[in-house]
Structures are given as structure tokens and as C-alpha cells.
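Between the sequences and the hints, there should be enough to build the whole structure, so can you do that?
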Amino acid sequence: GQQVMQIPQYQHVQEGEDFTTYCNSSTTLSNIQWYKQRPGGHPVFLIQLVKSGEVKKQKRLTFQFGEAKKNSSLHITATQTTDVGTYFCAGSMKTSYDKVIFGPGTSLSVIP
Amino acid sequence: SAVISQKPSRDICQRGTSLTIQCQVDSQVTMMFWYRQQPGQSLTLIATANQGSEATYESGFVIDKFPISRPNLTFSTLTVSNMSPEDSSIYLCSARSFSGIANTGELFFGEGSRLTVL
Numbered sequence: 001g002q003q004v005m006q007i008p009q010y011q012h013v014q015e016g017e018d019f020t021t022y023c024n025s026s027t028t029l030s031n032i033q034w035y036k037q038r039p040g041g042h043p044v045f046l047i048q049l050v051k052s053g054e055v056k057k058q059k060r061l062t063f064q065f066g067e068a069k070k071n072s073s074l075h076i077t078a079t080q081t082t083d084v085g086t087y088f089c090a091g092s093m094k095t096s097y098d099k100v101i102f103g104p105g106t107s108l109s110v111i112p
Numbered sequence: 001s002a003v004i005s006q007k008p009s010r011d012i013c014q015r016g017t018s019l020t021i022q023c024q025v026d027s028q029v030t031m032m033f034w035y036r037q038q039p040g041q042s043l044t045l046i047a048t049a050n051q052g053s054e055a056t057y058e059s060g061f062v063i064d065k066f067p068i069s070r071p072n073l074t075f076s077t078l079t080v081s082n083m084s085p086e087d088s089s090i091y092l093c094s095a096r097s098f099s100g101i102a103n104t105g106e107l108f109f110g111e112g113s114r115l116t117v118l
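Top to bottom, those sequences are chains C and E.
All residue numbers for the first sequence refer to this note's numbering, where the first residue is 1 and numbers rise by one.
All residue numbers for the second sequence refer to this note's numbering, where the first residue is 1 and numbers rise by one.
These aren't lab readings, by the way, just hints derived from the structure by calculation.
Nothing here was measured: the structure is a model prediction, and the numbers come from that model.
Here are the simulated lysine-lysine pairs, DSBU-like style, with alpha carbons at most 30 Å apart:
| id | chain 1 | residue 1 | chain 2 | residue 2 |
| --- | --- | --- | --- | --- |
| 1 | C | LYS70 | C | LYS59 |
| 2 | C | LYS36 | C | LYS99 |
| 3 | C | LYS51 | C | LYS36 |
| 4 | C | LYS99 | C | LYS51 |
| 5 | E | LYS65 | C | LYS99 |
| 6 | C | LYS59 | C | LYS99 |
| 7 | C | LYS99 | E | LYS7 |
| 8 | E | LYS7 | C | LYS36 |
| 9 | C | LYS36 | C | LYS59 |
Partial pick of chain C residues on the chain E-facing surface, computed with a CB cut under 8 Å:
| id | residue |
| --- | --- |
| 10 | PHE45 |
| 11 | VAL100 |
| 12 | PRO104 |
Glycine included, every Cβ here is placed at the ideal spot set by N, Cα and C.
Right, dumping it as C-alpha cells:
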């Protein structure tokens, strides 16, 4: 079945340092989404990437979708304590009208 | 956007009993899903709740254990049957809509139902 992998599992950074999490799928994806879950909260949608090679930015966050549509990355520049949480990539395989499979997530800790 | 209400928010249950979780969305949505999340773990998809028909279950999940209903476009229930301590988890209702200008197909989540089985 479809599998979505993500590394690293944990990342501890000093405030102001950059952070990157990587996502890989065993199959070609129709689209990939990124979610953030704060401790004790539920996942909150960040962004969706659809096109091969697509790059999107949200302030200090940069999202990339690989050319083969099998991998993606999230990069945070100059982390802040508000960035603390777990970041999940989640992919749909066939079409947008499909189930969404979550990666294992990367838990980010930011040391002030 | 969609606001999802789930209840109960938490419950402590006895082994062998069943519990039904309700999920109400404030607008009509295209798709509804049920996920399970162990503390500190990722979200595992249990099933897609199909309106007016049987849910589509993922590998490892069966209808007898997790019966799901979705009588209309805004409501779904998940029952955890014959519970054991291994069923202790957070169960999340999720909805996906493709309407609107943004049309990102994002998933909206309820606050989750934390079940503890003794």
C-alpha cells in the first residue's frame, strides 16, 4: 500500500536556526499537503502542493514538491518558539478526491 | 472552511464495551474520514465514511470492530466495538471539501476523542 516516510523524527534547534523536514512517498503522489500539530492540539493545514517541482512560500516557511512528485520538503528559516510542534506531510495518490495518508511526522523543539 | 464538532471529547471505558463517537460538520463536505492517533504518533487512517453507503476501510481495520455511519453530508459516527486496552487512543474525525475559491482540498479536523480503555 501507499507509504509516506518522513525524516528526521525529532529535531531540536536553537532559536534562530533553520529547520528542514523531508518527506518521501513509495508511490507517485497526486498532491502533497503539510500540516502542523501543536502539543495537545489537532493537525492544522499549512499548504498543498500539486505541480511537479512546485515551490511555495509562507513567510519563513518554504515548501517544495519534487520533480517526480514522490518527495517534498518543508524548510523553516530562523525558527521561533512559536514554530514548536509536529509537522506532518500527507499525500493523496490517485486524485485530489482521494484519501490522505500521513507521514510519521517530525517533532520540532526550539530552544530559546 | 469547516468547523467540526466531535463528542465525546474524552471517555474512560471498560473492556468489552462499545462507544460511539459523533462528528458534526457545520457545512456540507465532500469527504469525511476517521483517523486514529496514539500519543506522540502519526495519524492512521481507519476509513473513509461514505454518505449513504458502507465505509471504505483501510488495511487492518474492519467493519465489525469499527462500524461507521454517514447518513448525510454533515454527520458521521464511529463506533469502537468490544473495546480492549489496545484501543486506547485519540480518534479524529476529518472532513475534506472542494468548494470555494481556494479549493485546496485541505483536511479539517475535529478536536478529537480521547478514549481510555481499562
